[in-house]
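Visitor: The primary structure of each chain is shown beneath.
2 protein chains.
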Amino acid sequence: MEEVKISFLGFGNVGTGAYKIIRDNGKDILLSEGVGLKVAKILVRDINKKRDIELEHSILTDKFEEIANDPEISIVAEFMGGVEPAKDYIVSCLMNKKTVVTANKELIAKHGLELQTVARENGVGLYYEASVAGGVPVIKILAESLQANKIGEIMGIINGTTNYILTKMSEEGRDFSDVLSEAQKLGFAEPDPTADIEGFDAMYKICILSSMAFHKRVDVNNIYREGITKITTEDIEYGRELGFAIRLLAIAKKRNNTVEVRVHPTFIPVDHPLAAVRHSFNAVFLKGDAVGNIMLYGKGAGDLPTGSAIVSDIITAYHQRSKHRYISFYNDEGSAEKLKFNDDWESEFFVRLTVKDKPGVLAKIAGYFGKYGVSIASVIQKDRGKDAVPLIFVTHLAKELSMKKAISDIAKEEDVLMVENIIPVER
Amino acid sequence: MEEVKISFLGFGNVGTGAYKIIRDNGKDILLSEGVGLKVAKILVRDINKKRDIELEHSILTDKFEEIANDPEISIVAEFMGGVEPAKDYIVSCLMNKKTVVTANKELIAKHGLELQTVARENGVGLYYEASVAGGVPVIKILAESLQANKIGEIMGIINGTTNYILTKMSEEGRDFSDVLSEAQKLGFAEPDPTADIEGFDAMYKICILSSMAFHKRVDVNNIYREGITKITTEDIEYGRELGFAIRLLAIAKKRNNTVEVRVHPTFIPVDHPLAAVRHSFNAVFLKGDAVGNIMLYGKGAGDLPTGSAIVSDIITAYHQRSKHRYISFYNDEGSAEKLKFNDDWESEFFVRLTVKDKPGVLAKIAGYFGKYGVSIASVIQKDRGKDAVPLIFVTHLAKELSMKKAISDIAKEEDVLMVENIIPVER
Numbered sequence: 003m004e005e006v007k008i009s010f011l012g013f014g015n016v017g018t019g020a021y022k023i024i025r026d027n028g029k030d031i032l033l034s035e036g037v038g039l040k041v042a043k044i045l046v047r048d049i050n051k052k053r054d055i056e057l058e059h060s061i062l063t064d065k066f067e068e069i070a071n072d073p074e075i076s077i078v079a080e081f082m083g084g085v086e087p088a089k090d091y092i093v094s095c096l097m098n099k100k101t102v103v104t105a106n107k108e109l110i111a112k113h114g115l116e117l118q119t120v121a122r123e124n125g126v127g128l129y130y131e132a133s134v135a136g137g138v139p140v141i142k143i144l145a146e147s148l149q150a151n152k153i154g155e156i157m158g159i160i161n162g163t164t165n166y167i168l169t170k171m172s173e174e175g176r177d178f179s180d181v182l183s184e185a186q187k188l189g190f191a192e193p194d195p196t197a198d199i200e201g202f203d204a205m206y207k208i209c210i211l212s213s214m215a216f217h218k219r220v221d222v223n224n225i226y227r228e229g230i231t232k233i234t235t236e237d238i239e240y241g242r243e244l245g246f247a248i249r250l251l252a253i254a255k256k257r258n259n260t261v262e263v264r265v266h267p268t269f270i271p272v273d274h275p276l277a278a279v280r281h282s283f284n285a286v287f288l289k290g291d292a293v294g295n296i297m298l299y300g301k302g303a304g305d306l307p308t309g310s311a312i313v314s315d316i317i318t319a320y321h322q323r324s325k326h327r328y329i330s331f332y333n334d335e336g337s338a339e340k341l342k343f344n345d346d347w348e349s350e351f352f353v354r355l356t357v358k359d360k361p362g363v364l365a366k367i368a369g370y371f372g373k374y375g376v377s378i379a380s381v382i383q384k385d386r387g388k389d390a391v392p393l394i395f396v397t398h399l400a401k402e403l404s405m406k407k408a409i410s411d412i413a414k415e416e417d418v419l420m421v422e423n424i425i426p427v428e429r
Numbered sequence: 003m004e005e006v007k008i009s010f011l012g013f014g015n016v017g018t019g020a021y022k023i024i025r026d027n028g029k030d031i032l033l034s035e036g037v038g039l040k041v042a043k044i045l046v047r048d049i050n051k052k053r054d055i056e057l058e059h060s061i062l063t064d065k066f067e068e069i070a071n072d073p074e075i076s077i078v079a080e081f082m083g084g085v086e087p088a089k090d091y092i093v094s095c096l097m098n099k100k101t102v103v104t105a106n107k108e109l110i111a112k113h114g115l116e117l118q119t120v121a122r123e124n125g126v127g128l129y130y131e132a133s134v135a136g137g138v139p140v141i142k143i144l145a146e147s148l149q150a151n152k153i154g155e156i157m158g159i160i161n162g163t164t165n166y167i168l169t170k171m172s173e174e175g176r177d178f179s180d181v182l183s184e185a186q187k188l189g190f191a192e193p194d195p196t197a198d199i200e201g202f203d204a205m206y207k208i209c210i211l212s213s214m215a216f217h218k219r220v221d222v223n224n225i226y227r228e229g230i231t232k233i234t235t236e237d238i239e240y241g242r243e244l245g246f247a248i249r250l251l252a253i254a255k256k257r258n259n260t261v262e263v264r265v266h267p268t269f270i271p272v273d274h275p276l277a278a279v280r281h282s283f284n285a286v287f288l289k290g291d292a293v294g295n296i297m298l299y300g301k302g303a304g305d306l307p308t309g310s311a312i313v314s315d316i317i318t319a320y321h322q323r324s325k326h327r328y329i330s331f332y333n334d335e336g337s338a339e340k341l342k343f344n345d346d347w348e349s350e351f352f353v354r355l356t357v358k359d360k361p362g363v364l365a366k367i368a369g370y371f372g373k374y375g376v377s378i379a380s381v382i383q384k385d386r387g388k389d390a391v392p393l394i395f396v397t398h399l400a401k402e403l404s405m406k407k408a409i410s411d412i413a414k415e416e417d418v419l420m421v422e423n424i425i426p427v428e429r
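Here the protein sequences line up with chains A and B, keeping their order.
Numbering-wise, my numbering comes out as the position in the first sequence, counting from 1, plus 2.
Numbering-wise, my numbering comes out as the position in the second sequence, counting from 1, plus 2.
Among the hints, erroneous ones may be present.
Same chains, same label: a pair holds when it works inside one copy or across any pair of copies.
Unchecked claim - Once the Cα atoms are required to be at most 30 Å apart in a straight line, the calculated DSS-like pairs of lysine-lysine come out as:
(1) K99 - K325
(2) K360 - K232
(3) K373 - K99
(4) K360 - K373
(5) K342 - K112
(6) K29 - K325
(7) K289 - K187
(8) K99 - K342
Note that these hints are calculated values from the structure, not bench results.
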């Protein structure tokens, strides 16, 4: 039986999870996979810090060089997060002929292709199943199960924190800020929640998925991004009347040779499979031209679920050590049709206004929509007779930039007291 | 660029689907996977039969030897179904150093280990993603994404025909036989529907999944199997009152060292993720000790979805040609704890009786349950005052054999006019 020596860079939540899995399931992995996994060294900032887990003290080190220069270590798992110094360390490991397994979505989104090139040049692997949707094996499935498909669409709930907040807001009728502070107390949201609630986390993840699915390096700067901070219980309530549930969706679509990638709060029909994804669960919905619709559902975060993906990648890397898997981004290399990035994506939109209750207001607003080619599918008017009344539109498919122009005109109209919210609708 | 020559055994629905995918997406596969797929020979019964697809006539053959003896063909995809002659052909291909890809669930369920041994001895691969859940990559995920997990439970909706029938019965209040004959007319059910409606198809599939998950060769003869023919609209209606939806579930559980595998109509809570799986969709719900709950959802049949799995296996087999993946069944080889097969599984049960409306009947029946240690969770009594009235119980967890004994006594009780149905309940 072979033994593989592994090193960890960082030892937070996910690293500890991966360590526990190797400790507790290592014997079974040896039996079923024919490989013994040994965590030989762990890079930490403070080797004397008290930890909740029993460890041989000697495996801890605060010197990266001890790992980079140890020829016995063939696989390094990175848990530091962020771009630097993780990137430097990973490049150094790859150049020292060590395969790297990582959960670092920001790094892979921004520098995945570059790192893969270094890995390939050094004959080692770069694996990042844990970077998207925790234990749900969406990376593997895109790379190794849907190879025969042209992927046309991805819609994912890939940030657990925002899904938890939106579920609570929807089911308990509570405000965003109220639920956020509860989530922070319970440890479901970070003390600084920006990366989650502003959609950066989901943006990095859809960047990785869409790059793989479309075989094109998607630049994070090309991704439309909007967080959930402006969603109110009123939006949710009116959405429900229209048969919609709200989710923060990460969406990537390819139409002909045009790609669009976006992250924003989205209304979806209540009977859509993604509407059943509640609390901190994740799900990724994919459309392939052969396979049709597929959905993968599971825990998108947590020490053991994400650790499961890390250990799976370690085992995969071991099996593929003589021929690692690399993701192809051929469209940027000019071999197939050139893909164009689409900034002016199309969607249906939910538009919530507060207007003066006067005759002719609806007609005026409809006129602005018409001016920019936005056609209206349905209207809700409420509480007639008060001074300020809600007016809700759902449009047919419209270009986002046309919507923006129409809304800009509408906002200037004196009978419109407030443009409350604009939320895309996907089916 | 390398080219791989492939041969098909049989050319029905799925074979045609795989052929179309290779024809239509072959260029993209060449770009992204670096391999050209060429279907070089197709074994058919009648080479002159008119077909709906354009083909070079010369690739058709009715002589298996032309395939077995062609050294240029390195991968053979089998679409014949059933045990013989498929098994003979596959063994012959493996011994001629050809990797085999198959959608044949009955064959893999009954002889998968034996065939894998032949494959391993000949240094070639045996892949069968398409045998379970069509395009949904559950085999790959069990083998290559959840390796770090001890799998405790599988619950699957893995027969599209029965799920279609049960969905229609539930949503439209129609009888089994009525929906079945409609399904047959629409081509959703076979002219002889036995394999689907009696649960054989699901049995073969759960046999494959549980063997992989528990690393134990599960004998199909050890699987409890019950079809959906006895389910009535009354059962569905009373189940709904209790908050349940009905599905034909294939279930495999491992508790300590004991394994149980069963296929039967099952009530599940309406908010269970599997309750959202409607019509002919498939879904597999898995519990791993690290990853937690995972669900995979998609089309379980059809030419292109199943073809997608076949072509994926072909590409995988190509990449792994120097080191094929084999599934380990180590528990039968004595290396880990010995697994025991459990015939007397435990479940909650829904029991529907028709009884005389007389004082004391409920108490008498409760007495029989008590005698065999079956405790009652809830009771519904309906239509009091008529001669024959329905009486529905839901039990707490009970052993199946104890239930059978209690029901046998209850059936003999003169105030019990009919034991209408007994349906397990899973949460």
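Visitor: If a hint holds in the structure, say so; if it does not, say that too.
Guide: Results for each hint:
With identical chains, the CA atoms of K99 and K325 are at most 30 Å apart both within one copy (14 Å) and between copies (21 Å). Proximity of K360 and K232 under a CA criterion of 30 Å is satisfied intra-copy only: 27 Å inside one chain copy versus 62 Å between copies. For the identical chains of this complex, K373 and K99 are neighbours neither inside a copy (61 Å) nor across copies (68 Å), given an alpha-carbon limit of 30 Å. In this assembly of identical chains, K360 and K373 lie within 30 Å of each other by CA distance solely inside one copy; the values are 21 Å within and 75 Å between copies.
When the C-alpha separation of K342 and K112 is checked against a cutoff of 30 Å, the pair qualifies only within one copy, where the shortest distance is 19 Å, while the shortest distance between copies is 50 Å. In this homomeric assembly, K29 and K325 come within 30 Å of each other (Cα to Cα) both inside a single copy, at 26 Å, and across copies, at 23 Å. Proximity of K289 and K187 under a CA criterion of 30 Å is satisfied inter-copy only: 28 Å between copies versus 38 Å inside one chain copy. Taking the closest pair of Cα atoms, K99 and K342 never come within 30 Å of each other, the shortest separation being 36 Å inside a single copy and 45 Å across copies.
Hint compliance for this structure: hints 3 and 8 are not met, and every other hint is.
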